[in-house]
Amino acid sequence: MLVARIPDGVATSHAAYTTICAIAMQAVRQAEIGLGDRVLVMGQGLVGLLVTNLLVIAGARVAAVDLIDERAQVCRSLGADRFINPAHGNFHDTLRDWTDGFGVDVAIVCTASRSNAPIEQSAEAAPRSRPPGGRGNHTH
Amino acid sequence: MKQIAQYQDGRLEFQDVPVPTAPAGGVLVRTLHSVISVGTEKMKVEQAKMNLLQKARARPDQVRKVLDTARNLGWQSAWEKVKNRLESPTPLGYSAAGVIEAVDRNNARFRVGDLVACGGGGMCFSCGIHRIAGDVGGENS
Chain A
0 MLVARIPDGV ATSHAAYTTI CAIAMQAVRQ AEIGLGDRVL VMGQGLVGLL
50 VTNLLVIAGA RVAAVDLIDE RAQVCRSLGA DRFINPAHGN FHDTLRDWTD
100 GFGVDVAIVC TASRSNAPIE QSAEAAPRSR PPGGRGNHTH
Chain B
0 MKQIAQYQDG RLEFQDVPVP TAPAGGVLVR TLHSVISVGT EKMKVEQAKM
50 NLLQKARARP DQVRKVLDTA RNLGWQSAWE KVKNRLESPT PLGYSAAGVI
100 EAVDRNNARF RVGDLVACGG GGMCFSCGIH RIAGDVGGEN S
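In order, the protein sequence lines correspond to chains A and B. For the first sequence, the positions run 0 to 139 when numbering that gives the first Met the number 0 is used. For the second sequence, the positions run 0 to 140 when numbering that gives the first Met the number 0 is used.
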């Protein structure tokens, strides 16, 4: 539950997104990100883009993943190091190259898919961490 | 006032519902803008259109609750509960901004006319006025 006074100069149409932003912020906080952590963000819809943005602000390096190529530009403009579309078949190769073979430190899943693939791909991408999937978070 | 409601048979309705009163310690917020999320709301709409078997596959957590009810109260009660749930509309929405229209006397934090952002399942729907409890949350939550 949340009620917060809207600061002067913020449009109510923008303030309406506050709870969505709080969901993204909670995912980042729970992941306990450290400076320089390499973080995989599955899904670059509204929540995924907010998570990507907050991670970059928190000092993490981000690989942003989405099935829509048109989202690459906005992900990079928010500071993502990499944009990966798994449909092109280079998901694991790109991550292996990006992490020098170590895998990502954290995976955050922001997809609305009925498929289990984003969860499985996240677990495979973060092999060093426990529980499986690293400090994995799943948010909608 | 108006409210968007989702029925479990897939129907989506823009309904007239009674205007609520401010709960103890809480506030009423008249909506100026409300978000309908393409993730959460789309998922709810898609699940509502599923048949019973598909719903059970998509929500194993709910199936477990039904089985628990059946174990504790019997199958008749479990079926009644499922039927009621399927026939009751679910209000959509959980993130909005608006203007405070009423403040309970036990709430000293807000005043009528304050512009606020608000959210939370079960309270902040895509509707005309939100009824927001005062015992949880606050300006820094």
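There may be inaccurate statements among the hints.
According to the in silico footprint, chain A covers these stretches of chain B (three or more CB under 8 angstroms from chain A) [unchecked claim]:
1. 25 to 39
2. 108 to 117
One-sided excerpt, in silico: chain A residues whose CB lies under 7 angstroms from chain B [stated by the list, open to error]:
3. L1
4. A3
5. P6
6. I19
None of these hints come from the bench; they were simulated from the model. Given the structure is predicted, the values throughout are model-derived calculations rather than measurements. Glycine included, C-beta positions come from ideal geometry on N, C-alpha and C.
We went through each hint and held it up to the structure:
{"no.": "1", "hint": "25 to 39", "result": "holds (count 10)"}
{"no.": "2", "hint": "108 to 117", "result": "holds (count 6)"}
{"no.": "3", "hint": "L1", "result": "holds, 5 angstroms"}
{"no.": "4", "hint": "A3", "result": "holds, 5 angstroms"}
{"no.": "5", "hint": "P6", "result": "violated, 9 angstroms"}
{"no.": "6", "hint": "I19", "result": "holds, 5 angstroms"}
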